[in-house]
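2 protein chains.
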Amino acid sequence: MKKFINKIDDFLSESLSGFGKAHHEIINVNLNPDYIYRKNKPKTSKVSLISGGGSGHEPLHGGFVGYGMLDAACPGQVFSAPTPDQMQAAAEEVYNQKGILFIVKNYSGDIMNFEMSADMIDFEHSTVIVNDDVAVEDSTFTSGRRGVAGTVIVEKTIGSLAEECASLDECKKFGDHVNKMTASMGVAFTSCTVPTAGKPTFDIEADEMEFGVGIHGEPGRKREKFRNANEITTDLIGAILEDLKPSNNQGVLLFINGFGGTPLMELYLLYNSAKNILDKKNIRIERSLVGNFTTSLDMAGASFTITKLDAEIKRHWDSPVYTAALRSGT
Amino acid sequence: MKKFINKIDDFLSESLSGFGKAHHEIINVNLNPDYIYRKNKPKTSKVSLISGGGSGHEPLHGGFVGYGMLDAACPGQVFSAPTPDQMQAAAEEVYNQKGILFIVKNYSGDIMNFEMSADMIDFEHSTVIVNDDVAVEDSTFTSGRRGVAGTVIVEKTIGSLAEECASLDECKKFGDHVNKMTASMGVAFTSCTVPTAGKPTFDIEADEMEFGVGIHGEPGRKREKFRNANEITTDLIGAILEDLKPSNNQGVLLFINGFGGTPLMELYLLYNSAKNILDKKNIRIERSLVGNFTTSLDMAGASFTITKLDAEIKRHWDSPVYTAALRSGT
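Heads up: the sequence lines are chains A and B, in that order. Numbering-wise, the first sequence is residues 1285 to 1614 according to the numbering used here. Numbering-wise, the second sequence is residues 1285 to 1614 according to the numbering used here.
Incorrect hints may have been included.
It does not matter which identical chain is meant; a pair holds if it fits inside one copy or across any two.
[Said to hold, decoys possible] Mimicking SDA-like on lysine to any residue, the simulated pairs with C-alpha atoms at most 20 Å apart in a straight line are:
| hint | residue 1 | residue 2 |
| --- | --- | --- |
| 1 | LYS1305 | LYS1382 |
| 2 | LYS1464 | SER1301 |
| 3 | LYS1325 | GLU1447 |
| 4 | LYS1305 | MET1400 |
| 5 | LYS1457 | ASN1532 |
| 6 | LYS1559 | ASP1519 |
| 7 | LYS1305 | ILE1561 |
| 8 | LYS1565 | SER1612 |
| 9 | LYS1559 | GLU1447 |
| 10 | LYS1598 | ASN1380 |
| 11 | LYS1598 | ASN1566 |
| 12 | LYS1286 | ASP1487 |
In case anyone wonders, no lab produced these hints; they're calculated from the structure.
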């Protein structure tokens, strides 16, 4: 295993330290317990958004802490849920009079630990669970559908609503709504390698792909022979649309997400394939995002996420954001 | 070779088409000849900045076309220089009364083709050559030092100066200055795979690294045994500082660049290592950039870039920018 590492035990803390120093104008990093939080606490009271999950999916979630998005993120060890004391400490740090909203990807460990932290805090709180992955019901670490790249859309849009000083109940309802309007599915060409394991999570042949892979390398719908980009895109988009059932002329956000090991050139080629397919189905791409936003360490592969847009989601997608990994601007 | 591709011959054009559609609010893409240019031509006359080079380094250069940075970018085939007709057509598209400034990474093919295009245009023009890679003098495709990730700093800062309606001569001089203040060096753990070749550009053992690698996989200073992140960082930063000879208490921009296959977690860990080393040498990091900005397709590895800052460079680094890949914002 060749990775930029000193000691495996220090991998996360050294990486978080670097993140904190590189972006000190936007965020602070607390170590022990580990959490990343906004440098400038909002002046007016607002719902505080806290997300988190296993590390290894960067820039998710720490890269999305900042104005217009998250108030704090709690990174667990690589592909391991954060512990309840992290979320408790983060909540105490960022609480701002209007309650805490946890945004949690649907994995059993994450759900359990966020629930435990919720029991430990005295503030009014609620939770939005993201489960956008249409690949499989129930998986290695999950009951029900997995939460994957659609989390970025959920965090961005609730972040915007919270910035407008909406109530905890409004933020929770809107988050559930955006999650329901969002569906994702991905494919892997190679496995990622978790540092503590020191070897690839799964074996895969040179002519195979894992269709519907999870962001921790969990099995998808099937192991398939490698095919060309248009064919892969047709099947992934097909599975997503079967779930979303968009109406004719539906406006959508199309998000092509790289898993970490796939060049941008290929992600843009996938965008082109997806656009051609959506055009033919009379589905209008109104907003786009392309890049490595919900990664699986060094895994080669990509996922597609589609969100059905309405006026509110569009407005909150378009609103200003200033984080390490996502910025608006004109 | 598993890549998201339909036909190898269409790889670049399909990727460019996707890029154009995904970012249609910022840029237009012209195919045949291929060039990317700003959607909104500046209202006041300004020097037009045109860069380009082989594809496979995305987001360089197309991702940096937009307000505050480039006016146009000319992508060649993967790792191949763009042809003169591309730069000629781009120059005719974006010429804006104050002349054309070409920004060219120092590779023999690029230099030759940009020179040929300069001969073909009637506009006043000049060229800034970027040669920030301190690893080797002369290389597979280069006489003198190679141009690598420092190009991002050069393009950002000249872009800002040009936006202030500086003259062609001022932009050229400032670009040369920033290039001189900038030095880079990288290391690769794995090779990239060029689609037309269908196999890795070079072989490398599981316990080896290419120290001083070029962004096309060219040989560096030496093939070494793999070492830990602090040791690698010490040597790369050492080589860069030997070239830059910063004064005591020098303020710098530190840029950690991923080659495409290395997770963000590792890049931030490298930032942490570099910060510790620079602190001890009494060199102050005043600005930072971390991410995949000058890639080598799917190569695992990273490069360090340091720019010695003065008031002018700092001001032009901080000024607003709005491109697909780099955005300021507050």
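Hint-by-hint comparison with the structure:
no. : hint              : result
1   : LYS1305 - LYS1382 : neither (30 Å within a copy, 40 Å between copies)
2   : LYS1464 - SER1301 : neither (35 Å within a copy, 30 Å between copies)
3   : LYS1325 - GLU1447 : within (12 Å within a copy, 34 Å between copies)
4   : LYS1305 - MET1400 : neither (31 Å within a copy, 45 Å between copies)
5   : LYS1457 - ASN1532 : neither (26 Å within a copy, 56 Å between copies)
6   : LYS1559 - ASP1519 : within (14 Å within a copy, 46 Å between copies)
7   : LYS1305 - ILE1561 : between (43 Å within a copy, 14 Å between copies)
8   : LYS1565 - SER1612 : neither (30 Å within a copy, 36 Å between copies)
9   : LYS1559 - GLU1447 : neither (32 Å within a copy, 34 Å between copies)
10  : LYS1598 - ASN1380 : neither (26 Å within a copy, 35 Å between copies)
11  : LYS1598 - ASN1566 : within (19 Å within a copy, 48 Å between copies)
12  : LYS1286 - ASP1487 : both (18 Å within a copy, 15 Å between copies)
When the structure is compared with the earlier hints, violations turn up for hints 1, 2, 4, 5, 8, 9 and 10 and for no others.
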